[in-house]
Amino acid sequence: MDNGYARKPGVPLPPDSWGNEAFEEVVLKDLIPLIDRNYRTITNREYRAIAGLSMGGGQALETGLSNLDKFAWVGGFSSLLKDFDVKKSYSGVFNNPREANRKLRLLWLGCSTEDGLLAANTTAHEELTSFGIKHVWVTGSGAHEWQVWRQYLYNFASLLFK
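Those letters in the sequence shown? Residues 23 to 184, per the working numbering, in order.
Take these hints with a grain of salt, some might be off.
To be verified - The following label-pair restraints were derived from C-beta to C-beta distances:
| # | residue 1 | residue 2 | range |
| --- | --- | --- | --- |
| 1 | Asp52 | Ser152 | 20 to 26 Å |
| 2 | Ala179 | Thr65 | 16 to 22 Å |
| 3 | Gly154 | Arg59 | 17 to 23 Å |
| 4 | Arg62 | Ser152 | 40 to 46 Å |
| 5 | Ile64 | Ser152 | 30 to 36 Å |
| 6 | Ile57 | Tyr176 | 21 to 27 Å |
| 7 | Gly114 | Val48 | 20 to 26 Å |
| 8 | Arg59 | Gly114 | 28 to 34 Å |
| 9 | Glu148 | Glu121 | 28 to 34 Å |
| 10 | Gly154 | Ile64 | 25 to 31 Å |
| 11 | Tyr176 | Ser152 | 25 to 31 Å |
| 12 | Trp168 | Asp91 | 31 to 37 Å |
| 13 | Glu148 | Ser113 | 19 to 25 Å |
To be verified - Calculated lysine-lysine pairs in the BS3-like style (CA-CA distance at most 25 Å, straight line):
| # | residue 1 | residue 2 |
| --- | --- | --- |
| 14 | Lys92 | Lys125 |
| 15 | Lys92 | Lys110 |
| 16 | Lys110 | Lys184 |
| 17 | Lys104 | Lys92 |
These are computed hints drawn from the structure, not numbers from a lab.
Positions of the beta carbon are idealized from the N, C-alpha and C atoms, including for glycine.
Given the sequences, and given the hints that come with them, work out the whole structure.
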(Lines of atoms letter the chains of each structure in order from A and count residues from 1; the text may use other names and numbers.)
(Lines give C-alpha, C1' and ligand atoms only; values in the text may rest on other atoms or scores of the structure.)
Protein backbone atom coordinates (compact mmCIF):
# COMPACT_ATOMS: atom_id res chain seq x y z
CA MET A 1 0.00 0.00 0.00
CA ASP A 2 1.28 3.47 -0.87
CA ASN A 3 2.81 5.01 2.27
CA GLY A 4 1.16 8.26 1.30
CA TYR A 5 -2.07 6.70 2.49
CA ALA A 6 -0.96 4.54 5.42
CA ARG A 7 1.91 5.26 7.74
CA LYS A 8 0.64 2.90 10.44
CA PRO A 9 -1.02 -0.53 10.33
CA GLY A 10 -4.69 -0.40 9.46
CA VAL A 11 -7.38 -1.61 7.12
CA PRO A 12 -6.32 -0.66 3.59
CA LEU A 13 -9.04 1.15 1.66
CA PRO A 14 -8.74 3.10 -1.57
CA PRO A 15 -8.50 6.85 -0.96
CA ASP A 16 -11.97 7.36 -2.47
CA SER A 17 -13.60 4.57 -0.43
CA TRP A 18 -16.64 5.26 1.70
CA GLY A 19 -15.83 2.27 3.90
CA ASN A 20 -19.30 0.77 3.44
CA GLU A 21 -18.04 -2.71 2.64
CA ALA A 22 -15.88 -2.86 5.76
CA PHE A 23 -18.67 -1.36 7.90
CA GLU A 24 -21.22 -3.86 6.62
CA GLU A 25 -18.87 -6.79 7.21
CA VAL A 26 -18.11 -5.68 10.77
CA VAL A 27 -21.81 -5.24 11.58
CA LEU A 28 -22.90 -8.55 10.07
CA LYS A 29 -19.96 -10.82 10.96
CA ASP A 30 -18.68 -9.32 14.21
CA LEU A 31 -21.12 -6.97 15.94
CA ILE A 32 -24.40 -8.89 15.61
CA PRO A 33 -22.87 -12.24 16.68
CA LEU A 34 -21.10 -10.52 19.60
CA ILE A 35 -24.34 -8.94 20.82
CA ASP A 36 -26.31 -12.17 20.37
CA ARG A 37 -23.67 -14.14 22.32
CA ASN A 38 -23.51 -11.73 25.24
CA TYR A 39 -27.09 -10.51 25.63
CA ARG A 40 -30.52 -12.05 25.66
CA THR A 41 -31.71 -11.14 22.19
CA ILE A 42 -34.36 -12.25 19.76
CA THR A 43 -32.33 -13.07 16.68
CA ASN A 44 -35.22 -12.80 14.21
CA ARG A 45 -34.94 -9.89 11.73
CA GLU A 46 -38.28 -8.59 13.02
CA TYR A 47 -36.46 -7.62 16.23
CA ARG A 48 -33.38 -6.03 14.71
CA ALA A 49 -32.98 -2.38 13.70
CA ILE A 50 -30.16 -0.28 12.30
CA ALA A 51 -29.88 3.49 12.05
CA GLY A 52 -27.20 6.12 11.79
CA LEU A 53 -26.49 9.76 11.14
CA SER A 54 -24.55 11.58 8.45
CA MET A 55 -22.03 9.16 6.87
CA GLY A 56 -23.19 6.56 9.40
CA GLY A 57 -26.73 7.12 8.16
CA GLY A 58 -25.64 6.27 4.64
CA GLN A 59 -23.83 3.19 5.92
CA ALA A 60 -26.82 2.12 8.04
CA LEU A 61 -29.14 2.46 5.04
CA GLU A 62 -26.72 0.52 2.83
CA THR A 63 -26.25 -2.25 5.40
CA GLY A 64 -29.88 -2.50 6.46
CA LEU A 65 -31.53 -2.26 3.06
CA SER A 66 -29.03 -4.61 1.41
CA ASN A 67 -29.62 -7.18 4.15
CA LEU A 68 -33.37 -7.33 4.74
CA ASP A 69 -32.89 -10.92 5.83
CA LYS A 70 -31.20 -9.42 8.93
CA PHE A 71 -33.05 -6.10 9.48
CA ALA A 72 -36.71 -5.04 9.31
CA TRP A 73 -36.29 -1.55 10.80
CA VAL A 74 -33.95 0.91 9.05
CA GLY A 75 -33.34 4.61 9.70
CA GLY A 76 -31.15 7.35 8.32
CA PHE A 77 -30.72 10.79 9.87
CA SER A 78 -29.19 13.45 7.59
CA SER A 79 -27.75 10.56 5.61
CA LEU A 80 -24.83 10.94 3.28
CA LEU A 81 -26.25 9.29 0.16
CA LYS A 82 -23.78 8.51 -2.59
CA ASP A 83 -25.33 8.23 -6.06
CA PHE A 84 -28.79 7.21 -4.79
CA ASP A 85 -30.82 5.51 -7.51
CA VAL A 86 -34.03 3.83 -6.40
CA LYS A 87 -33.58 1.17 -9.11
CA LYS A 88 -29.92 0.36 -8.41
CA SER A 89 -29.06 1.29 -4.83
CA TYR A 90 -29.05 -1.20 -1.96
CA SER A 91 -28.58 -4.29 -4.14
CA GLY A 92 -31.71 -3.35 -6.13
CA VAL A 93 -34.04 -4.05 -3.19
CA PHE A 94 -36.59 -1.50 -4.44
CA ASN A 95 -36.97 -3.09 -7.89
CA ASN A 96 -39.79 -5.10 -6.34
CA PRO A 97 -41.66 -2.46 -4.31
CA ARG A 98 -44.26 -4.93 -3.07
CA GLU A 99 -41.60 -7.26 -1.66
CA ALA A 100 -39.59 -4.37 -0.19
CA ASN A 101 -42.72 -3.02 1.53
CA ARG A 102 -43.51 -6.50 2.86
CA LYS A 103 -40.04 -6.92 4.35
CA LEU A 104 -39.58 -3.41 5.75
CA ARG A 105 -41.42 -2.77 8.98
CA LEU A 106 -40.03 0.77 9.00
CA LEU A 107 -37.89 2.84 6.67
CA TRP A 108 -37.33 6.21 8.35
CA LEU A 109 -35.55 9.17 6.73
CA GLY A 110 -35.02 12.64 8.13
CA CYS A 111 -33.04 15.71 7.14
CA SER A 112 -33.43 19.29 8.34
CA THR A 113 -33.97 22.37 6.19
CA GLU A 114 -30.55 23.93 6.78
CA ASP A 115 -28.60 20.70 6.30
CA GLY A 116 -26.28 20.53 3.30
CA LEU A 117 -27.53 16.99 2.67
CA LEU A 118 -31.19 18.04 2.35
CA ALA A 119 -31.27 17.99 -1.47
CA ALA A 120 -29.95 14.42 -1.72
CA ASN A 121 -32.26 13.18 1.04
CA THR A 122 -35.27 14.94 -0.51
CA THR A 123 -34.48 13.35 -3.86
CA ALA A 124 -34.30 9.92 -2.20
CA HIS A 125 -37.64 10.56 -0.47
CA GLU A 126 -39.24 11.62 -3.77
CA GLU A 127 -37.88 8.60 -5.65
CA LEU A 128 -39.05 6.22 -2.92
CA THR A 129 -42.50 7.84 -3.02
CA SER A 130 -42.71 7.60 -6.82
CA PHE A 131 -41.75 3.92 -6.62
CA GLY A 132 -44.42 3.22 -4.00
CA ILE A 133 -41.96 2.43 -1.20
CA LYS A 134 -43.54 3.04 2.21
CA HIS A 135 -41.36 5.21 4.41
CA VAL A 136 -41.46 7.95 7.00
CA TRP A 137 -39.99 11.28 5.87
CA VAL A 138 -39.30 13.96 8.47
CA THR A 139 -37.90 17.42 7.92
CA GLY A 140 -37.88 20.57 9.98
CA SER A 141 -35.71 23.45 11.06
CA GLY A 142 -32.11 22.86 11.99
CA ALA A 143 -28.72 22.13 10.51
CA HIS A 144 -26.38 19.12 10.34
CA GLU A 145 -26.15 18.92 14.13
CA TRP A 146 -26.72 16.82 17.25
CA GLN A 147 -29.78 18.76 18.38
CA VAL A 148 -31.61 17.58 15.26
CA TRP A 149 -30.29 14.00 15.41
CA ARG A 150 -31.30 13.53 19.04
CA GLN A 151 -34.88 14.37 18.09
CA TYR A 152 -34.71 12.08 15.06
CA LEU A 153 -33.43 9.22 17.20
CA TYR A 154 -36.25 9.76 19.69
CA ASN A 155 -38.83 9.78 16.88
CA PHE A 156 -37.34 6.72 15.16
CA ALA A 157 -36.92 4.71 18.36
CA SER A 158 -40.50 5.39 19.46
CA LEU A 159 -41.75 3.53 16.36
CA LEU A 160 -39.58 0.42 16.73
CA PHE A 161 -40.85 -3.09 17.38
CA LYS A 162 -44.55 -2.25 17.43
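query: Looking back at the hints listed earlier, which ones does the structure fail to meet?
result: Result: hints 1, 3, 9 and 16 break, sorted rising.
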